[in-house]
Every structure is written in structure tokens, then in C-alpha cells.
Amino acid sequence: MLIRPTKPVPENEVTDARLWLGRRQVIAAAATGLLAASLPAAATPSGSAPGLGALSFTPGKLPAGETLTSRDKITSYNNFYEFGTDKSDPAENAGALKVLPWTVTVEGECHKPGQFAIEDLIKPGSLQERIYRHRCVEGWSMVIPWIGLPLASLLGRVEPTGNAKYVAFETLLRPSEMTGQNSHVLDWPYREGLRLDEAMNDLTLLAVGLYGDVLPNQNGTPIRLVVPWKYGFKGAKSIVRIRLQEQMPQTSWNMYAPGEYGFYSNVNPDVDHPRWSQRKERRVGEVFRRETLKFNGYGEQVASLYAGMDLKVNY
Amino acid sequence: MRALLATRKGRAALVWWSVWVLCLTPLLAVVYWVGTDQMTADPVARSLRYLGEWGLRLLVIGLALTPLKRLSGWCWVMPLRRMIGLYGFFYVCLHLLTYVVIDQGLDWDAIWKDIVKRPYITIGFAAFLLLLPLAITSTNAMMKRLGCKRWLRLHRLCYVIAPLGVVHYDLLVKADARWPIFYGVLTILCLGARLPMFQRGTRPSGPAREARPVPSQA
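Taken in order, these protein sequences are the chains called W and C. According to numbering that gives the first Met the number 0, the residues represented by the first sequence are 0 to 314, in order. According to numbering that gives the first Met the number 0, the residues represented by the second sequence are 0 to 217, in order.
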């Protein structure tokens with residue numbers, strides 16, 4: 000009955016630093032078959048996709064007055080119900096996911112639908128670091144150095160038609176490796192959506208990396224949505240399908256509890272979750288709560304998207 | 000040790016103190032885990048949940064002892080009820096203190112709004128208020144002052160408190176209600192076992208078992 004937090008990794012199980020730092024060489028060597036037979040399994044960093052190579056990106060700027068949340072906290076405290084409903088489950092279970100090969104299908108109301116290999120999406124020159132505040136609907140928050148490409152750049156490539164009003168996102172459905180999908184907590188696959196103008200906003204990011212490296216599995220490998228002015232659950236993880244469409248898409252949490260999770264789900268201290276207040280949040284690493292900012296502090300960039308809308312109705 | 004085990008009194012004391020220490024370990028564990036940064040990235044939220052879960056768990060275990068005795072004939076579990084119930088109250092108090100002092104940072108305005116507006120907090124707070132008279136009247140002296148009958152009637156409040164605790168728990172989870180459902184089923188079983196229709200036949204009978212009658216049904 001005792002629920003234990005994850006045990007710390009004993010020193011003798013920690014991958015040797017030289018192996019860790021040299022993992023890309025080890026993997027590259029393995030690829031050419033030189034070391035294939037003698038490759039120690041421990042050389043692959045657990046919990047992140049091997050084989051994608053180093054990310055090259057333009058560095059981002061830390062928002063004034065913010066401190067980065069540590070990599071350790073960002074990668075050990077996750078809501079990713081595909082791997083279990085406890086915050087520690089994804090870090091424990093997501094290692095089972097075989098990431099490569101990975102393609103993202105972009106379809107629907109666009110002139111040039113297509114399938115994009117992840118290697119194509121993380122090409123040098125396209126990636127930027129974006130340091131964003133992340134606010135969970137549960138009342139905690141982090142500051143995360145994402146690496147990714149603006150969603151607008153991918154949508155630009157497929158040329159949306161005039162009928163495209165919304166963008167729908169779908170997470171991978173693979174219950175054999177995403178063991179949480181065997182329990183019917185949510186109606187799988189996980190679905191999310193944005194209005195097209197929200198999707199085209201410069202803040203909206205398809206993240207492929209974290210802290211300079213490829214996304215760890217538990218954070219939504221290899222590609223996930225980040226919409227920093229909305230609650231965290233809007234950020235669909237491990238995306239395999241993006242669909243442009245005329246109708247407002249169904250979204251997983253809205254399907255689960257329509258009265259609690261709306262389509263928009265903008266961070267808003269004035270609109271409470273029916274069961275708890277959204278006025279304050281606890282920044283991970285701090286003890287006491289701080290005031291939550293409207294649009295998570297990104298009002299300058301996004302408030303105009305909702306001009307004239309009653310945000311209490313469109314929660 | 001052998002001397003302790005030789006008498007019924009000695010054995011009872013040994014059981015009692017063992018359970019006393021067992022009930023304290025969750026608190027020692029959480030202090031250790033918080034101190035060594037093992038309570039997730041949000042130790043306040045995690046500890047809050049953990050303390051509440053132990054409160055509910057012990058209250059439900061307290062409720063289970065009477066049916067357990069009836070099923071198994073283990074009379075020795077009965078003297079543990081008061082301690083386990085009080086420990087449940089103790090963890091509920093720690094849970095409430097964590098919420099008021101750390102989670103809400105003594106923001107009385109926000110706390111009052113929570114109690115009034117959030118059904119799960121209203122229910123949780125109601126359960127706490129109902130626990131107070133039970134904790135206050137848990138001493139032998141209070142039992143005597145109230146008289147056995149009135150004391151028993153008052154302490155039937157725990158039949159209400161445990162379900163309130165379960166509802167409080169169920170209302171706050173985001174999805175995955177497996178644990179609240181588990182405690183809910185357990186509570187229903189413990190309360191259902193007290194219905195008159197289940198009491199006939201299962202009550203231990205015969206002179207050997209009637210030798211040490213236990214005064215209460217509560």
C-alpha cells in the first residue's frame with residue numbers, strides 16, 4: 000500500500016560519462032556496422048530517440064525574471080497518459096517506445112498534403128530554441144527551453160486551402176508500446192486542435208528538442224505541439240497526423256469532460272476550472288504559489304486572436 | 000520478549016505498539032522523501048495527496064476491523080480501532096495543515112472561496128469537522144462522561160465520514176479514478192457488513208467465542 004516515489008539510480012547503474020558524451024559516435028559507428036556486435040546496450044541514452052543526431056538550432060532568450068526549470072524535473076514529472084496516469088509513469092515506461100522510423104502525415108484542406116519524415120523536419124536551419132513558460136491545468140508550471148520549428152512553417156509548406164479553419168493533431172496509437180493506451184482512461188488516440196490563426200501564430204511551436212537535445216520519449220518524442228498561452232494538455236505529444244479542416248476538431252479532454260476542458264483552454268486566472276481555482280500556480284521548484292498571468296503572460300502576442308470573444312463562454 | 004509473549008496482556012501490548020509504530024512510518028517516510036527530494040517535481044502537491052491518502056486509508060481500515068473480527072473471530076483487532084482512527088485523524092490534520100499553510104500559503108480569502116465554491120473541498124472540510132467530535136471524545140474519560148449508548152451513537156458518524164472522504168478523493172482526480180473507486184468499494188463493504196441482514200450467521204457463536212464479549216458494534 001506504500002506508494003514509493005521513484006528510487007534514485009544507484010551510482011553503478013549510471014552510464015559512464017564518456018559513453019554518454021560519445022553516444023553519437025557509438026551510434027554512428029554502429030550504423031556502419033563497425034561495432035555492431037560489441038556495442039554495449041548502455042551506450043544508448045535511455046528515454047530518448049537514438050539516431051536523430053545532434054540538433055542544430057539558433058539559441059533562444061530566457062524571458063526576463065524567469066529561471067529555467069531543471070532538465071531533471073522537466074523529464075521526470077509528466078502528464079502523458081499513454082504511458083500511465085502517475086506523473087512518474089512516463090519517465091518509467093516511455094523507454095519502450097520505438098521512435099524511428101517516424102513520419103508526420105499532413106492532410107486535409109491543403110494543396111500539397113504530404114508525409115514528412117522526422118529527419119526532414121529537424122533539418123539544420125529550421126530549428127530555433129524557444130524558452131516558454133508552461134502552465135498545467137492542474138496548477139503547476141515550469142520554464143522550458145524547447146527546440147522546434149514554428150508550426151506555421153510546416154503549414155506553409157502544405158499550403159492550406161481557403162476552407163481550412165482548424166488544425167487537428169493526433170498522437171500515435173500503439174498500445175503494445177504505449178501501455179497506458181490499454182486502459183480506457185481517455186478515448187485513444189489523443190486528439191487536440193487549434194483554430195488556424197492560433198496555429199499560424201509565431202509562438203506556436205512543433206517542438207522536437209529540449210535542453211539542446213532531442214525530446215526524451217516521456218516529453219512527447221519525437222515531435223509535439225507547444226502552445227505556451229494555453230494549458231499544457233493542448234500540447235499533443237508524439238504527433239503522427241496533422242489535419243487541416245473546416246470543422247472544429249474534437250479534442251480528448253473536451254470529449255472526456257466537456258464542462259471542464261474547453262476547446263480553447265487559454266490560460267486564464269479569471270476562469271476557474273469548475274473544480275479548482277486557476278488564480279494561482281506553483282512554479283516547480285518553489286514552495287508557495289504565484290499569481291497566474293492571463294494568456295500565461297503572452298497576451299501581447301495573442302490577446303488579439305480573441306478580440307470580441309467572451310472567454311468565460313469560450314473557455 | 001518471551002515473558003512478553005507469555006501473557007495475553009503482553010501479547011496485546013506488543014501488537015498495539017507494533018501497529019502504533021507502523022502507523023507512524025508513512026509520516027517518517029514522507030519527511031525523509033521530502034528531505035531527499037524524492038517527492039516528484041512538485042513535492043507540495045505530492046505530499047498533500049499522500050497525507051490525504053493515508054488519512055482515508057487508516058479511516059477505512061478502522062472501519063474494517065469490526066467486520067474483520069466478525070468474519071475471523073480475531074478479537075485482538077478490536078483494541079486497535081481507537082488508535083487507528085486517531086491516526087487517521089492525525090494524517091487528515093497534517094493533510095489539512097499542508098493545504099492551508101503551504102499549498103495556499105495562508106491565503107484565507109482563497110481558502111474560504113475554495114470551501115464555499117469547490118464541492119470536493121466543501122466535502123473534505125465537512126469530513127474534517129465531523130472528525131473533530133470523534134477525536135475529542137476518544138478518551139476513556141469522555142466515553143464515561145457521555146455514557147456508552149450516546150458515545151456509540153456519536154461515533155457512528157464515522158459511517159458518514161469515510162464515504163465523504165472517498166467522494167472528496169474521487170472529485171479531485173482528473174481522470175483515472177481507480178484508487179477512489181477502490182476505497183469506495185472497500186467502504187461500501189465495511190458499511191454493508193454492518194447491515195442487520197449480514198449479521199446473522201456470521202456472528203461468532205458458541206461459548207468459546209462468547210467468552211470475551213466485545214461491547215460495541217460501532
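Hints may be right or wrong, so weigh each one.
If you want a taste of the chain W side facing chain C, the calculated C-beta under 7 Å gives, among others [unchecked claim]:
#1 76
#2 109
#3 283
Hints were generated in silico from the structure; no laboratory data involved. These numbers were taken from a predicted model, which means no experiment stands behind them. Positions of the beta carbon are idealized from the N, C-alpha and C atoms, including for glycine.
The hints, checked one at a time:
no.: 1; hint: 76; result: holds, 4 Å
no.: 2; hint: 109; result: violated, 33 Å
no.: 3; hint: 283; result: holds, 5 Å
Comparing the model with each numbered hint stated earlier shows that hint 2 is the single one that does not hold.
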